[in-house]
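Protein chains in written order, with this note's numbering: chain A, 144 to 296; chain B, 9 to 174; chain C, 66 to 735; chain D, 5 to 237.
Some hints here could point you the wrong way.
[To be verified] Capping the alpha-carbon separation at 20 Å, the derived lysine to any residue pairs in SDA-like fashion look like this:
| id | chain 1 | residue 1 | chain 2 | residue 2 |
| --- | --- | --- | --- | --- |
| 1 | D | K60 | B | T127 |
| 2 | C | K74 | D | E25 |
| 3 | C | K142 | C | P360 |
| 4 | D | K91 | B | D118 |
| 5 | C | K215 | C | T536 |
| 6 | C | K104 | A | E228 |
| 7 | C | K143 | C | L294 |
| 8 | C | K715 | C | R663 |
| 9 | C | K104 | A | D208 |
No lab work stands behind these hints: they were computed from the structure. Given the structure is predicted, the values throughout are model-derived calculations rather than measurements.
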Amino acid sequence: MPNPEQTVVFRRAVVALNGGSSDARIVRLAAGVARQWKAELVAVHVVEIDWTQPLDADIAGRSEDVQRVLDLAEETAEDCQYKIEPVLLQARDVGAALVDEATEQRADMLILGLPYRKRFGGDFAIGSTIPYVLKNAPCAVWVVREPIPEESA
Amino acid sequence: MKVVIVGCGRVGAVLAEAFEKAGNDVIILDRSTGAFDKLPSTFRGNAVRGDGTDEDVLRRAGAQDADVFLALTEGDNRNVMAAQLATEALNVGRVLAKVNDPVRAAAYADLGLATICRTNLMEDTILGFAGLSTAQRPPILAPQRTHPGGEHHRAEAEPAAAPSEA
Amino acid sequence: MIGGRRPLKGRKLADRRVRIERPHAAYFRWSGPGQLTAKESASRPTTPLGRLWARVKAAVIGRPLASEDEIGERLSKKKALAIFSSDAISSSAYATEEILRVLILGGAAALVLGLQVSIAIAVLLIAVAISYRQVCLAYPTGGGSYSVSKRNFGRGASLVAASALLIDYVMTVAVSTSSAVEQITSAVPALIDERVLIGVAAIALITIGNLRGIREAGNIFAVPTYLFLGSALLMIGIGVYRIVILGEHGAYDPNQLIRQTGETAEGVGLLLLVRAFAAGAVALTGTEAIATGVPAFKPPEARNAATTLAIMAALLGTLFIGITFVAVNFGITHLELPEQQTVISQVARRTYGDGTIPFFLFQSFTAVLLFLAANTSFNAFPRLLAILAKDGFMPRQFALRGDRLAFSYGIIVLATVAAGLVILFRGETHLLIPLYAVGVFIDFTISQAGMIRHWLRERTPGWRRRLTINTFGCVLTAIVAVVVTTAKAPQSLLVLLLIPCLVGLMRFIHRQYDAQAEELRVRDDTVIAGPHREQRVVVPINGINRAVVQALNFARTVSGDVRAVFVTDDEAEGEELRARWERQFPGLPLVIVESPYRAVVSPVVAYLDVLDQAWPPDKEAPITIVVLPEYVARHWWDRVLYNQTARRMKAALVGREHTVIADVPYRRSH
Amino acid sequence: MFVLVVGGGKVGYYLAKELVESGHEVVLMEKDHARADQIADEIGSIVIAHDGCEGKYLAEAGANRADIVAAVTGDDEDNLVICQMAKHHFDVPRTIARVNNPKNEELFKHLGVDELISPTRMILGSIEQDIPVHELLHLGSLGGSDLELIEAPLLPGSSRSRRAVRSSRSSARDVRSRSGRTRSSPKATRSSRSAARSARRRSTASSSGTPSRSADALAVCGRGVAFALAERT
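Kindly produce the complete structure, drawing on both the sequences and the hints.
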């Protein structure tokens with residue numbers, strides 16, 4: 144229920160998708176929160192292009208797997224009766240692209256998922272993206288960690 | 009036979025001793041004098057402190073016109089450069105560079121420099137030991153063509169290639 | 066922006082990113098490997114005419130809904146009572162009248178017995194309700210008589226039940242609408258001449274509403290149902306108060322009765338009472354609705370449905386007996402002259418006062434409720450048709466949902482038939498009634514019999530008691546079915562005749578589908594290899610032009626055996642063409658068929674026959690592909706100028722064995 | 005143009021930065037993680053924190069599609085190997101190496117490195133030409149030696165230099181003489197930049213008439229330092 148007393152958490156959030164299991168979780172979370180203030184949601188998926196290819200190589204646009212990441216996010220949002228605007232990017236570095244996109248979109252929230260990694264004994268690989276975003280993002284950042292699955296907890 | 013060894017590591021020291029025992033004239037170079045401790049006290053060859061990639065140092069040590077030049081330091085690039093110096097400037101007959109990066113090893117063999125790659129050697133040997141099939145690479149990658157600077161002494165370069173292929 | 070890629074700079078000097086446009090995103094969604102889901106825009110029509118039609122459709126029935134938009138709303142008891150019982154409760158609006166219409170023949174003395182008859186019917190109602198409670202509990206997945214009988218008896222009985230139900234649903238619409246219109250004309254007699262028009266218009270409105278898929282209908286239903294219930298109970302309360310406490314009484318005026326019937330009283334006989342009972346039995350119609358809709362209830366579904374059923378039966382019984390009591394005691398019967406007046410409207414007039422606002426309100430509540438009752442059939446009939454269609458007993462179209470998730474075809478069929486009935490019977494309820502209720506009781510009987518089988522087979526705890534209840538219900542409804550049918554003869558016989566016709570039709574359809582399925586069946590363990598039959602191509606041409614060249618090029622990709630056939634009635638023209646042909650299509654056989662009788666199509670067909678006969682009889686017959694060059698006209702209006710021959714050719718070849726027709730359209734490239 | 009710079013020292017850093025500013029695609033390889041992070045922090049995500057001598061990482065950095073590979077580490081042997089790998093293994097059309105030991109110049113040229121930057125030689129040249137010391141701006145010290153890189157003019161009189169190089173050499177001299185006039189360093193940056201611009205213009209002009217008609221001057225300027233390299237397209 145919208146509560147006018149409560150402060151607005153965000154008006155426009157960038158939801159960073161990584162194609163993993165955490166995508167659906169963060170989209171659902173974002174939609175749930177955004178609904179209270181009719182905030183806008185932007186789903187951003189960044190495809191990292193290695194240096195062997197030009198940055199504008201025709202890669203992400205043709206990959207069904209890449210498209211599916213955004214399609215699934217849209218679908219998840221629709222399941223929650225909310226709209227999410229999908230953005231697909233190619234960049235050399237995911238973190239930098241996310242920060243730049245959030246800046247350009249004038250987002251006041253950046254939401255990232257941190258999936259639990261089952262391989263290598265199971266842990267949370269923070270990687271380089273999340274630290275970069277935490278350090279450089281122009282807005283508030285939410286990192287949503289997955290719960291540790293039962294059997295390995 | 010005049011043998012020049014750049015890098016007095018384990019391999020360099022062992023080889024220096026062996027060449028010397030076989031009655032060869034051995035010159036061994038290393039950037040640190042401490043490295044020469046690995047040589048046996050009986051070693052009577054020429055141990056020179058100095059950078060093997062410096063033409064002046066090599067000349068001063070007497071590496072010119074050597075028959076065999078082995079670049080065996082820990083730095084791939086130093087080895088490559090020393091070997092190329094030997095080929096280009098010192099008129100050495102048979103040159104071998106140890107290059108541990110397989111990509112570079114192959115690339116320089118392509119460029120006309122005999123290379124030996126420890127990574128490849130160990131990989132093949134251990135795979136063979138484990139009973140797996142190996143890439144069947146020769147232990148020493150023979151030069152695939154004449155080194156760019158080797159035109160003027162092609163005659164020496166070619167016999168150099170032949171034995172390492174065998 | 067190049068190829069849908071827009072380069073962008075970042076905040077840091079060297080940071081770059083490229084935004085990728087996603088061309089598929091407007092139409093499809095990638096939902097899995099090698100799997101696409103079409104969005105609404107992918108099914109949008111592309112031709113101007115199609116767009117126009119879509120716009121009209123959207124205006125009338127609303128924008129298309131995706132399958133997942135179906136609201137699986139679970140109903141509370143309160144809402145369910147309103148939704149499922151509008152049919153049953155609304156029958157109290159005309160049931161009393163039907164009894165009195167029969168009893169009037171027995172004169173004033175007989176009319177007084179109306180109350181007893183209605184009590185008898187109420188008893189029957191209780192019996193049926195108790196029996197149906199069992200159905201609710203035994204079939205929580207929805208125990209329509211079709212599914213109950215299918216599970217317990219198999220195809221034959223279930224088809225009879227389905228046919229009876231189908232007839233009944235149509236009748237519900239016709240009767241409820243007519244009755245509703247009569248309530249309106251009773252209140253506003255000036256409209257009496259327009260009643261067929263009003264009835265048809267009402268059906269049309271309900272149809273559009275249903276094509277729009279009014280699933281959010283819970284509240285729409287609840288309000289009028291409860292308004293009617295409240296005002297009817299109030300009316301009965303006032304009536305009873307005035308009769309019992311104030312001692313008001315109205316006697317039947319024999320002259321009036323004679324004026325109404327045009328004949329003298331025939332005396333109160335048993336037959337008359339039985340007929341009155343049969344007429345009043347329409348009150349029970351719609352009782353089965355709750356048992357059919359169990360899955361729509363909030364959990365615990367079965368228990369909630371059973372409770373709702375009991376409440377509904379109690380309400381219906383009270384209303385029915387109450388209205389009859391008041392009507393009889395006020396000496397009310399239906400009036401034909403000077404103005405047609407329904408019994409319930411007269412009761413209302415008497416209790417609330419003529420021309421008062423409560424009277425008009427009550428009349429409008431009654432009319433609205435009756436329309437809603439008609440609407441319940443619009444929900445149930447297409448659903449039953451869809452189930453039948455899925456089982457292969459009805460044309461498959463009935464199982465398809467329209468843009469708005471409603472079973473459009475079923476709705477349209479129901480509306481058409483019901484409107485036809487309203488027109489045919491001039492919108493008079495009592496003329497329709499004899500056809501009604503017959504099917505209901507056949508249905509009751511079958512489903513109760515099904516329950517007997519069910520208990521005998523399942524033998525769950527308490528089955529003996531339940532078996533007894535259902536056996537009692539079955540016997541009772543069977544007797545009533547016979548009584549109703551005989552009492553309402555000869556019209557009711559029409560229904561009895563119609564049921565076997567429908568069953569026959571459904572069996573026929575099923576056989577057709579079965580035969581077709583058998584014909585098309587592929588064994589699921591067969592690996593399909595490539596084609597093994599030889600192919601040859603025949604291209605009928607009308608000269609050498611771009612369309613023909615394109616067709617020939619296509620033909621040559623299909624088979625090495627290509628020949629062109631040119632039919633002409635002019636020898637010189639043929640020779641000319643051959644000369645040009647040999648120059649331009651070296652090595653490609655051309656057959657010139659001279660046709661002195663100027664026929665074009667039949668010589669080609671005859672040539673194909675000759676080709677077939679020339680094929681060695683010991684080899685498997687080849688597939689002959691007839692490639693037709695076709696010029697695609699730019700506008701719809703000049704299409705008539707082209708391809709008439711091609712069309713005739715197609716018509717001539719469509720049934721020919723071993724023959725494939727391939728159209729090669731030539732489109733202008735701009 | 006896609007330029008692969010190996011070595012994230014001062015030279016590599018400014019080279020990469022200036023190239024990016026002038027709109028080229030640049031990737032910089034620096035094996036020291038801390039230094040790599042620092043550069044990435046300042047310029048952006050163009051840094052690969054790997055050793056550019058390793059063939060595998062060169063491939064990852066896109067050496068096979070690079071137009072220019074500039075090896076500017078502090079070690080001659082590394083620079084040589086990088087250029088040779090780029091040239092012969094990855095078919096890079098143009099390679100530039102920094103040479104610390106002037107004696108190696110000969111060898112590098114001989115082994116196919118297209119362009120050489122020799123800070124030692126430059127300083128020697130400057131000293132020979134008697135340029136006042138205070139006009140030389142500190143750019144970076146070269147690893148392992150006491151030498152400093154101050155400016156990068158291409159020296160006259162190198163008999164083996166190609167025509168295209170020669171065509172830009174005159175303009176490089178121009179650059180030096182112009183920037184030499186300015187004293188304070190912030191101004192120097194600006195003026196050296198404009199000098200580079202004019203150098204570009206001039207070198208294009210001066211290259212016309214020479215056999216390498218299509219020669220285009222790549223002018224690179226750092227803090228008070230101007231490089232002018234001619235490159236054949």
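> Among all the numbered hints in the text so far, which are the ones the structure does not match?
Replying inline: none
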